[in-house]
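*Asks:* These protein sequence lines are chains A and B, in that order. The numbering of the first sequence is the numbering used here, which starts it at 20 and goes up by one. The numbering of the second sequence is the numbering used here, which starts it at 8 and goes up by one.
Rather than coming from a laboratory, the hints here were simulated on the basis of the structure. Some hints could be false.
For lysine-lysine, the following DSSO-like pairs were computed, each having C-alpha atoms within a straight-line distance of at most 30 Å [said to hold, decoys possible]:
(1) B:65 - B:49
(2) B:22 - B:64
(3) B:12 - B:78
(4) A:76 - A:33
(5) A:30 - A:76
(6) B:22 - B:12
(7) A:76 - B:22
(8) A:97 - B:49
(9) B:22 - B:49
(10) B:64 - B:75
(11) B:12 - B:49
(12) B:49 - B:64
(13) B:75 - B:65
(14) B:75 - A:33
(15) A:76 - B:49
(16) B:64 - B:78
(17) B:12 - A:76
(18) A:30 - B:49
The chain contents come next:
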Amino acid sequence: GAGVSQSPRYKVAKRGQDVALRCDPISGHVSLFWYQQALGQGPEFLTYFQNEAQLDKSGLPSDRFFAERPEGSVSTLKIQRTQQEDSAVYLCASSRQTGNYGYTFGSGTRLTVV
Amino acid sequence: QQQVKQSPQSLIVQKGGISIINCAYENTAFDYFPWYQQFPGKGPALLIAIRPDVSEKKEGRFTISFNKSAKQFSLHIMDSQPGDSATYFCAASWENTDKLIFGTGTRLQVFP
Numbered sequence: 020g021a022g023v024s025q026s027p028r029y030k031v032a033k034r035g036q037d038v039a040l041r042c043d044p045i046s047g048h049v050s051l052f053w054y055q056q057a058l059g060q061g062p063e064f065l066t067y068f069q070n071e072a073q074l075d076k077s078g079l080p081s082d083r084f085f086a087e088r089p090e091g092s093v094s095t096l097k098i099q100r101t102q103q104e105d106s107a108v109y110l111c112a113s114s115r116q117t118g119n120y121g122y123t124f125g126s127g128t129r130l131t132v133v
Numbered sequence: 008q009q010q011v012k013q014s015p016q017s018l019i020v021q022k023g024g025i026s027i028i029n030c031a032y033e034n035t036a037f038d039y040f041p042w043y044q045q046f047p048g049k050g051p052a053l054l055i056a057i058r059p060d061v062s063e064k065k066e067g068r069f070t071i072s073f074n075k076s077a078k079q080f081s082l083h084i085m086d087s088q089p090g091d092s093a094t095y096f097c098a099a100s101w102e103n104t105d106k107l108i109f110g111t112g113t114r115l116q117v118f119p
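So that you can see chain A by itself, here it is in the shape it has in the complex (with noise of 0.2 Å):
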């Protein structure tokens, strides 16, 4: 597609449920990246692929957090037993290469945890 693309856009999830989140990057590109943007924040990184390669994942916020890449195209992030702290924007960004050539984002997925 000619950008990254996320699904659902919006997901609202009782506290203790699991939830999905996916990105479809643009095609060929090579990394993929996870940020986690709070209201009025900033992003922040929480896990960075090369292809099919997990090469960072220190922003991870707990072990409830789970990143996946398996064929190097397709990326879900998942959250195991969502807390109200985990409701947040979740950006999916990618890249044609490595070395700081700049990002191309995805619209996010907002979670909202009750």
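Go by the hints and put chain B onto chain A.
*Replies:* Showing chain B alone in chain A's frame:
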């Protein structure tokens, strides 16, 4: 040390005026400094970026000024337009990583 401090938090500018947003950092290993523009309900979009080997970069109405010794960089928007009303984020990254550290954002409102 990995923080990027951004100011002001909000900015109101009249149409045709100059908008200036400032950022400061501590980590001297940072070597890539992009600015992103974000509209409500959308993801951030890359506006302009600079590396520390130059002191200024201009693209259309947008200019980054970079002061390596002061560890500061700023975004100037010339001839600001109502369509520029958005939230702007500075960011920084360092060699051997593509991970970005974002500032806290500046909400810009341009009034006609």
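*Asks:* List in ascending order the numbers of the hints, as given earlier, that are violated by the structure.
*Replies:* 7, 14
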